[in-house]
Amino acid sequence: MRRRPAKYSAAALAWRGLRGDSWPRVWRDTELKRSYDAVVVGGGVHGLATAYYLARNHGITDVAVVDKAYLGSGASGRNTAIVRANYLTPEGVAFYDRSLQLYNSMATDLNINVMFSERGHLTLAHSDAALRTMNWRAEVNKLQGVNSSVIDPDEIKKIAPALDTSDHPRHPILGALYHPPGGIVRHDAVVWGYARAADHMGVEMHQKTEVLDILCTGGDGPDGKGAGGRVTGVRTNRGDISTPVVVNCTAGWAGLISAMAGVRLPITTHPLQAAVTEPVKVFLNTVVVSGSLHVYISQTDRGELVFGAAVDPVATYSIRGSLEFTEELAGHVLELMPGISRMRLLRQWSGLCDMTPDYSPVMGFTPVDGFLVDVGWGTYGFKAAPVSGEQIAAAVATGKTPELIAPFALSRFDTGDLVGEKGAAAVGH
Amino acid sequence: MTMSRLGSQPTEVIDRSTTLRFRWNGKRFRGFEGDTIASALAAAGEHVFSRSMKYHRPRGMLTADFWDPNLLVQVGDDPNVRAGHRLLESGMDVHPQNVWPSLRHDIKAANGLVARFLTAGFYYKTFMRPQKLWPTYERVLATFAPGGKVDLDTPHRYHDKRYVHPDVVVAGAGPAGIEAALAAAAAGARVILVEHEHAVGGHLRYSSAESARTALSELRAALDASDVEVLTDSTVTGRYEDNWLGIVQRNHPIAVERLIKARAKVLVVAPGLIERPFVFAGNDRPGVITSGAVRRLINLWGVKPGERAVVFSANSEGDAAAADLDRVGVEVAAVIDGREGRRVSAAQGPPKALEAVVAGGTRTDADLLVVAAGWTAPTSLLNMAGDRPVYDPDAARFFPSDPPSNVLATGGLAGDGSLDELRAHGAATGRLAAQRASAVAHRLQARTARALEVTGDEPDWAADERTPLGRSPHPELYRSDTHGMIDLSEDVGSKDLVAAAREGYDSVELAKRYTTATMGSAQGKLETVNTVAAIAEARGETIAQVGTTVWRPPYAPLTLGALAGRVFEPVRVSSIHPWHEANGVHTILAGQWIRPDHYGDPAAEVRNVRTNVGLIDVTPLGKLDLRGPDIPNLLNLLYTNKWSKLPVGKVRYGMMCAEDGVVLDDGVTGRLGEDHYLMTTTSSGAASVWEWVENWLQTERPDWRVHVTPVTTAYTSINVAGPKSRELVSRVTTGVDLSPEAFAYMEVRTATVAGVAGCFMWRIGFTCELSFEIHVPAGHGLHVWEALMEAGADLGVGPFGLEGQRIMRLEKGHFIVGQDTDGLTLGPSTGLSPLIKLDKDDFAGMPELAWAADRQLPMIVAIQPDDPGVVPEEAAQIVRGDTNEILGRITSSRMSPTLGRSICLGQVEPELAAGGTKLTVLLTSGQRISATVIDHHAHFDPDGERLRG
Amino acid sequence: MADRPVFESPVVRGYETADSGDLVLADASATTKWLVCASASGAVADRLGAPFGSSSTGAGGVIVLGSRPGEWIVLGTADAVDGAVDGLDAMDPSDHVSALDWTHGRALFRVTGPEAPRMLEKVCSLDWSDPMTPDGAVASASVAKVTCDIARNDVDGTPSYLVFCDRSFGQYLFDALIDAGDEFGLVVGPATGQ
Amino acid sequence: MLLVPCPNCGPRNSADLRYGGESHARPDPATASPLQWRGYLYLRDNPADWLRETWYCRSGCRRWFTLERNTATNEFRDPPLPGDKRGGKA
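Top to bottom, those sequences are chains X, V, C and U.
Numbering follows the working numbering, with no gaps: position 403 of the first sequence is 414.
Numbering follows the working numbering, with no gaps: position 312 of the second sequence is 1748.
Numbering follows the working numbering, with no gaps: position 10 of the third sequence is 27.
Numbering follows the working numbering, with no gaps: position 7 of the fourth sequence is 502.
In isolation and in its complexed conformation, chain X is listed as follows (with noise of 0.2 Å):
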């Protein structure tokens, strides 16, 4: 079911304010069905991307996406909306870099401006050590065609004056792996775009629809769920759902939703903080990384300094963010950017991460035949939105797992075939 989407353009928005028109709404709300071809759970920006590429690249439509509560309540509206390819190992930067691609040409794509600020991003070593694996990374991501060099003070200075490239700090700037491609993204428009999009092919969004069993059969475990079973619905606080495929896409509920279909995943939930300024006049034009300070500075056009940093120690699903982390933050920030001590902390607040041992996803088939999972972002989900969107719905679609993302199969932690990520990922942004 189609529909002709009401199109985003200067021109439109000139015309309709003229005459004074409203914008129709920018997905259905519409009865939820008892039977689906697939059930996206997780209405975040990858169960989204799921679902729009389901639909647009192999012409399934049938499909619902449910989430307990608003379509990017969870991590998608609360990361700090940085986009990057130069990651550490071959596997991670091709995927990475397609993803990057993805984000490129996404405002034309989905009709919406996402507010794609290919604004350059640097990560700063400290250290010898931390100096090597930007160098690492850098070689690894030339060999792959992506943008990255190790820059020095001097060349940092330029690109971020803010920053203190002296040698007097406790922790100097040494050099830094600078990554023209990366920037930041509009990311509540990354969930509109796909949502609207997807809505115009014929996907259904349900919010406030949870999700409180997995129904499977043929299983190794109770209730046919577990290895050798298969999916055939899910049950809902809206009733149940019949459906052959399940893709969990959730970011912090990743493993409760797992374990309902009988599959254990190699996961822990850590909040993971962010914090955000007053505005000021902007000063800060590029993305600032620190690996050893745990901490990543951007600042939005509207002038606010957005700040993150790395996963809370203690594992839990409580996100009430702590006094400690922005007395960590704001020492680390000034001691990189000592000039803005003046700076007012204006919001603070924190979201779910699903860390893997290896800092990369699990994503793909399952031991349930029917239940996929697109999960264990940790920290970098945003980033990979498109990509594990197109290459969960190619695997829906094909039956098989696309090479790009065969590296990150549940499989591996039952061989110890690890990825490599661990190395650069103190920080990961």
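Hints listed in this document are in silico derivations from the structure and should not be mistaken for laboratory results.
Yeah, the Cβ is synthetic: ideal placement off N, Cα and C, and Gly gets one too.
Among the hints, a few may not be true.
To be verified - Subject to a maximum C-alpha distance of 30 Å in a straight line, what follows is the list of computed DSBU-like cross-link-like pairs (lysine-lysine):
| no. | chain 1 | residue 1 | chain 2 | residue 2 |
| --- | --- | --- | --- | --- |
| 1 | X | K292 | V | K1463 |
| 2 | V | K2354 | X | K153 |
| 3 | V | K1490 | V | K1788 |
Claimed, not checked - Some, not all, of what chain U presents toward chain C, calculated at C-beta under 10 Å:
| no. | residue |
| --- | --- |
| 4 | M496 |
| 5 | N503 |
| 6 | C504 |
| 7 | G505 |
| 8 | R507 |
| 9 | N508 |
| 10 | A510 |
| 11 | D511 |
| 12 | Y514 |
| 13 | R521 |
| 14 | S554 |
| 15 | G555 |
| 16 | C556 |
| 17 | R557 |
| 18 | R558 |
Claimed, not checked - Derived contacts from chain V toward chain U, CB cut-off under 7 Å, selection only:
| no. | residue |
| --- | --- |
| 19 | D1678 |
| 20 | A1885 |
| 21 | E1889 |
| 22 | N2131 |
| 23 | Q2134 |
| 24 | R2137 |
| 25 | D2278 |
| 26 | M2282 |
| 27 | P2283 |
Given chain X's structure and the hints, the job is docking chains V, C and U onto it.
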């Protein structure tokens, strides 16, 4: 709106005898001690203070306090200063923000003309094509960013922090809060009373009623006489887990802003209420003001807020404002009573002023419109404690629902009442808080090992028997019959919210994100309820159905400087550090250690070690003193090799792997006595290996008898290396036969060195030279170092640093954990498979290492570029021929002063690991060079003859 | 060879010292300190008489701190400490007892004055009130981000605290304490011990 | 700042401790199959509920111990359990 200074007011807080001079917008102004920046400007007749964010509309004074969205100014290098709150200081240089080119003539005000196109979320709908142009649009949009300017040369000034453990913290020093603090203190509690404003008293401060003044002086006197610690101009910024509170103190005498971290046993939340703006056409026009602002202006600072006023009042505060206006000679042209169903519909006039007010079809000329439309309950701290406040339509505001029992609300947040009722509720709350705090204190004391023994049973958790405050009826006043501004700091109007809801952004969170309502400087304190009301209206639902958004910390913005505080960055140095500093050292930071990297010429240091003798300070080497009969068991469990038969006086190398088989650490351990060993770890692994050892002992093998004591800095560790090291060491050592026969390679002795007894000396070396590592009791480390330097002068002794050592270890082919290995390097990849003894019963990582033995793993190998003059960078990739296929990488590389050629260690795919294999190395320059794997890790002295000499 | 040389403190910077003041910080790193490990209960524990979290004073003014469960720090003059630890290992054959001289491993500072708790409040998160940290209390905690053992050991009724840290942090911590005490008029007292 | 009930020191700020993660038994290395061993290394229950977990009182008593905490609310089951198994070694 013509503002001016009134005659002296009985309640005023200004000192008219002290004039302060300052600059505003480049012009000279005067105010009084006690003025805020805004009150001084208002008294001087200023009535436009800023321009709005999106449409650049002129903005006047709205709430005249911390939350006023229109009173953000730049003071010197301090951006976004709340002029409604910040006290005036002499010499301040104050500028308006968000104006271009000037406050008076703002070119961007033209945006107002196209407002109909700049609807909510307009930027999502345009600038898509071409994608390449977005950065250009973006730069233009960025010039619209609101806020002040940072001066990047601003120093991080002195901030420090404080931890406190009060029984009761009271947030808000209005009458209820003060009573709560007094009652809690009277019950013996240690109380901190925190007031956001510059003085205690809450709304009593700006009430001209005699009764209020009497009550205030009474409360102040009681506070003075109590033990309550009162913090004014301070804010409880957040309530975190287990009543961990952040309090920012803005008026500390020595710190710019001090962050106080309080572990409160009970938190009393008494912030009062925040007056809510009303939404109607022109409600953001200068001259439209809240009733509270009017009363503050008149009563605190003696400022006449206008000449002719219309008062829209739905409550007694509005009535009181009308009375105040009348008293000070402002003509009250009309009172529109909201309780009678009347509404103000429009404020009209030229852009920068108010001329007339329209209500019920009647137009009244006025330069001031006072609005008293109700309150927002600032429930932030309760939200942070997990409470979900509920909306009461009869009282037209939210109330606490069910906060945790160590968080108590009082004052206006909890309900309405007469002053006496509010005070009584406050006092009852204080007593309850003290009772509950005593139960917490009892438990803490009983559980804490060091605390004074506590007597008696834990007091019962006191029941809440407070008489609840009533709730006064209040009309639900959110929007009039016209549309107006909802979020003044974000320029979001009620129309925008309605449009957003119609587009499908119809939950509060979606609408907030889409329109940015509540995202500005006041973080919803003024606009949240109106936002919810607008969405409810668009959805045809009630406010209660729509619900509210979660208030997130901090309650009030605080500076990064305050949060960072005095940044503690501990650094460690060895006992020899003063000598290094006096001898031209170039240091390097290694974790927390400041270490000698070299003393000017590392290559020369290497050559000196190879020909004469050198000293290196290796104190950071991790050292664990182990005592007990089960040490061999412990070592067998932690290292991959065998330890059961290490004789006394011998030293052995070992590698540790984690349970997944990945290399964790390495080092040597020596047996000093029957049940006494010294384990060394890498410098960077010292702390984690200690925890690792403790973990195994405490949780897996609690029956083993081993005591572990970290002694890393109990000993100053000096490595004496080089062909002449034996000669040098023998000159200062007594009690040990140093001959090669008596003291062989990989042995340990206890010696007296330079008169210092109890030094451990072992013959090992990372440098591939004859060497003696001496561990000297640290209080004599410098002495021994100097004695060695003196005694070896004729032998050519000199210091060498970490860089020299790195070169020499690379010449020897020793890998470094974490540099030549990475997070996935399994034990066998190091080439040390003979040291992995799979026939042991158990050791950490054994199963993985057993399985790994059958796998093809990347290997660490020694590599020499065919061109000896080329040093491939560490991280240079090893590739297949001319392709981009990665087969490995260089992990360490140096020019060897000893061999006169470049040398490397690298990790390569297993098929390339055999000696003689030709490799292609891609330099960072892009050049590909050829290199060869050599037969063994050691580039130099592969048979270890020098080492054993 | 020279005679046994003098003890070098980790505090190597020079300070102007005063004999008394409202808040006095003194370097006592040279004090003899031993670490004893044994079962948390038993003959050795009984003789030392300082369960975890508390301290005791013995012959010759030796101070025994119950620094961890089954671990004690014994400090005082060299002779007094010798006396206190002598024979401990032979007291109970069923117990595993070890004692080592930790004098060189730990820096030791003493801070004394009525405002000392207020000063510690700035650098350490423990509750310094009398009920929670009475005279004689022993605890371990982070002080200015360095893990320390801390013992309250009042001097003539005035709050006084012994602060131990790894020797290599000594100079850093000494300076951090001076900074924290500045607002209370801290003075550096003469070094003590040995 | 979470208050962690150290069984030796008493309640301490979580910053004083190291979090050891989910407590789980170490399989017998002599007999464990690869699946069992890697389950021990990598797989976690990760419940949004009560969880047995290990902590190390790094700045205090330096003892490893096991506690029960509700990961949905961060409430500790008090008093703490005696220490037995460790976690987080992979």
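The hints, checked one at a time:
{"no.": "1", "hint": "X:K292 <-> V:K1463", "result": "23 Å, holds"}
{"no.": "2", "hint": "V:K2354 <-> X:K153", "result": "23 Å, holds"}
{"no.": "3", "hint": "V:K1490 <-> V:K1788", "result": "16 Å, holds"}
{"no.": "4", "hint": "M496", "result": "8 Å, holds"}
{"no.": "5", "hint": "N503", "result": "5 Å, holds"}
{"no.": "6", "hint": "C504", "result": "7 Å, holds"}
{"no.": "7", "hint": "G505", "result": "9 Å, holds"}
{"no.": "8", "hint": "R507", "result": "8 Å, holds"}
{"no.": "9", "hint": "N508", "result": "5 Å, holds"}
{"no.": "10", "hint": "A510", "result": "7 Å, holds"}
{"no.": "11", "hint": "D511", "result": "7 Å, holds"}
{"no.": "12", "hint": "Y514", "result": "16 Å, violated"}
{"no.": "13", "hint": "R521", "result": "24 Å, violated"}
{"no.": "14", "hint": "S554", "result": "5 Å, holds"}
{"no.": "15", "hint": "G555", "result": "5 Å, holds"}
{"no.": "16", "hint": "C556", "result": "5 Å, holds"}
{"no.": "17", "hint": "R557", "result": "6 Å, holds"}
{"no.": "18", "hint": "R558", "result": "7 Å, holds"}
{"no.": "19", "hint": "D1678", "result": "4 Å, holds"}
{"no.": "20", "hint": "A1885", "result": "6 Å, holds"}
{"no.": "21", "hint": "E1889", "result": "13 Å, violated"}
{"no.": "22", "hint": "N2131", "result": "5 Å, holds"}
{"no.": "23", "hint": "Q2134", "result": "5 Å, holds"}
{"no.": "24", "hint": "R2137", "result": "11 Å, violated"}
{"no.": "25", "hint": "D2278", "result": "5 Å, holds"}
{"no.": "26", "hint": "M2282", "result": "5 Å, holds"}
{"no.": "27", "hint": "P2283", "result": "5 Å, holds"}
Going down the numbered hints, you'll see the structure goes against 12, 13, 21 and 24, while the others check out.
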